[in-house]
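Novice: Protein sequences appear in the order of chains A and B.
The end of the first sequence is residue 350 by this note's numbering, with every number in the run present.
The end of the second sequence is residue 350 by this note's numbering, with every number in the run present.
Think of the hints as simulated: they come from the structure by calculation, not from any bench.
There could be a bad hint or two in this list.
Copies of one chain are not kept apart here, so a pair can be met inside one copy or by any two copies together.
Stated by the list, open to error - Only pairs whose alpha carbons sit at most 30 Å apart, straight line, appear in this in silico DSBU-like list of lysine-lysine:
hint: 1; residue 1: K344; residue 2: K196
hint: 2; residue 1: K268; residue 2: K196
hint: 3; residue 1: K268; residue 2: K197
hint: 4; residue 1: K268; residue 2: K151
hint: 5; residue 1: K151; residue 2: K24
hint: 6; residue 1: K90; residue 2: K196
hint: 7; residue 1: K146; residue 2: K82
hint: 8; residue 1: K194; residue 2: K268
hint: 9; residue 1: K29; residue 2: K196
hint: 10; residue 1: K48; residue 2: K151
2 protein chains.
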Amino acid sequence: MTKNQTFNVALVGATGAVGQQMLKTLVDKSFPIRSLKLLSSPRSAGKKIEFNGETLTVEEATPEQFEGVDIALFSAGGAVSKKLAPEAVKRGAVVIDNTSAYRQDEEVPLVVPEVNEDDLHKHQGIIANPNCSTIQMVVALEPIKKAYGLKKVIVSTYQAVSGAGLGAVDEMYEQTQQILNEEDISPELLPVSKDKKHYQIAFNALPQIDVFQDNGYTFEEMKMVNETKKILRDSSLAVSATCVRLPVETGHSESVYVETEKGGATAKDVQGVLAEGAGITLQDDPATQTYPLATEAKGLPDVFVGRVRQDLDAENGYHLWVVSDNLLKGAAYNSVQIAESLVKLGIIGL
Amino acid sequence: MTKNQTFNVALVGATGAVGQQMLKTLVDKSFPIRSLKLLSSPRSAGKKIEFNGETLTVEEATPEQFEGVDIALFSAGGAVSKKLAPEAVKRGAVVIDNTSAYRQDEEVPLVVPEVNEDDLHKHQGIIANPNCSTIQMVVALEPIKKAYGLKKVIVSTYQAVSGAGLGAVDEMYEQTQQILNEEDISPELLPVSKDKKHYQIAFNALPQIDVFQDNGYTFEEMKMVNETKKILRDSSLAVSATCVRLPVETGHSESVYVETEKGGATAKDVQGVLAEGAGITLQDDPATQTYPLATEAKGLPDVFVGRVRQDLDAENGYHLWVVSDNLLKGAAYNSVQIAESLVKLGIIGL
């Protein structure tokens, strides 16, 4: 990185769950900001937000707002990205988009810096940030892939409600209190706000995240499947997913089964490879009941991996428990990492 | 069943979470009871319990208490079963044991009536009731096995706290209220009361049920593996499990991946086979967001199956979401079903 370079940054969706973590991450990482513009829908325009000791006013996101912007972080839903990301690019900004709008676009790199930072060189204005549940899994898969190759992945997720937004977090806590009070509840948002039916999330496990596709999988499950193949650059990798929403505020957990190309590695070998993996903290000691937990991962940028075991039958099969803060590495932190990589690789800036 | 036969029944562990459901199930199923004796540790002796309009007093479980007993239901922990089940058998009772004490004993049938009722003929006094998480899975696997054969099973569980006893349920609710009140918490029971460390269960997912074994799997995971092979009478079946405790009161959910011997069945075929399966209610219609939920399974005896999908890569691979009340089909209901089967098959009685 050239010293003392600074950037004009715009953040679309500053008032959301991920937007708030983006602001925090920009400060925590001391990202070299020259100016910061907070943009939103007309509804949220006018709100005041604290940033690094200053009070900023949220403005309505319009095409003209992106004049002079170097980096535009989008996290305000797919429709907003579809409409405004091309406008930002037209005006010279590089867009880092945290929605699913462009993830499967062949011309758009889908990037987790620990895994496929190189793909950033191919960008044509828009870079997609993967889905939260995908990011933490591919961080854990990458070192195993490098060491042994990957054949098949089966994942069952244990996902937190903050992935569905701040409203879903409020719904969970309110509903929980109502149940403790033995009051009636009226679910309105979860599992999927725009879907027809809504179910109790408190003290329950909902096997639906996002809407169903024609093949019986949910959109969240297909995101994990398709994004994993794209990020790992292996369209022949077998991936299937079952995605489940839990009454956990923040921190996705995943039970991941992996079959490798090469056989013969012990669980200890795989632990060793994971411990050296970029962005990973290994927490794996049954003797001291050490394993990753959502409540402990919250607020931290790492991907935590534990419960590493060899499959009881397949000599090239392994089971992992993978936990990460879905708002940080799963969203905001990864987006800001992408911005840092763009600077480090000389893709933006002087 | 010979008409008007009645039985002297003893219940060891009547004050526990499962014991209470056993009493309820005996009434709900109108099990032909001549006399009912409630037994427990000295600590709980003297307690009064309502049963079918009568008030019964819990007595201390001693060998002599089993004189004249036809059927002894045990659900008071493995140590009690180890000590007293042989005493009951010596006095002529048939023991149906809901602990893990005898499950892997080659001379003890391990029975889920919908799957292997025939094994009851081999009993030598003790019959073991399988672990809750195993029972609901094998009920779902059995019709698939019959139709297509089974090669491999990978399960990730989403288990309710009532499986850890009434104390664990209290801990979950109290801790939840403390967190909502922003008070400090002090976990004392979960994930495993007798283990060294205890973690927050409220708004969390704990990847440990029962203590760790030398191979890195927990005892709960190995129960699922070994019991599934025994009940399905297939020691070469590949089974691996990851068991996770959730802040759900009652109702275990399971994400199950199955590879069949025969290929070529569609998800619709598998749904058809499951819909006809004994003890199963299929709840599977993505168009109406119909899938099994722990909160809806609570209090019902069925095993609910949904989210049936073909694996995206293996043409003989299928994913299922399996939910059941862990205290009923997972414990009390299955135990009373075993008693009914013993009568129906003429193994006990005249």
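Novice: Now, for every hint given, state plainly whether the structure supports it.
Specialist: Verification of the hints:
Taking identical chains as interchangeable, the C-alpha atoms of K344 and K196 are never at most 30 Å apart, the minima being 46 Å within one chain and 46 Å between chains. Taking identical chains as interchangeable, the C-alpha atoms of K268 and K196 lie at most 30 Å apart only when they sit on different chains, with a minimum of 24 Å there against 47 Å within one chain. When the C-alpha separation of K268 and K197 is checked against a cutoff of 30 Å, the pair qualifies only between copies, where the shortest distance is 24 Å, while the shortest distance within a copy is 45 Å. In the homo-oligomer, the alpha carbons of K268 and K151 lie at most 30 Å apart both inside one protomer (20 Å) and across protomers (27 Å), since each shortest distance falls under that limit.
For the homomeric pair K151 and K24, neither the shortest alpha-carbon distance inside one copy (38 Å) nor that between copies (49 Å) is at most 30 Å. Taking the shortest alpha-carbon separations for K90 and K196, neither the intra-copy value of 38 Å nor the inter-copy value of 60 Å comes in at or below 30 Å. Taking the shortest alpha-carbon separations for K146 and K82, neither the intra-copy value of 35 Å nor the inter-copy value of 50 Å comes in at or below 30 Å. Proximity of K194 to K268 under the C-alpha cut-off of 30 Å is restricted to the inter-copy arrangement: shortest distance 27 Å between copies versus 45 Å within a copy.
Taking CA atoms no more than 30 Å apart as the test, K29 paired with K196 passes in neither setting, with 41 Å inside one copy and 37 Å between copies. Taking the closest pair of Cα atoms, K48 and K151 never come within 30 Å of each other, the shortest separation being 49 Å inside a single copy and 59 Å across copies.
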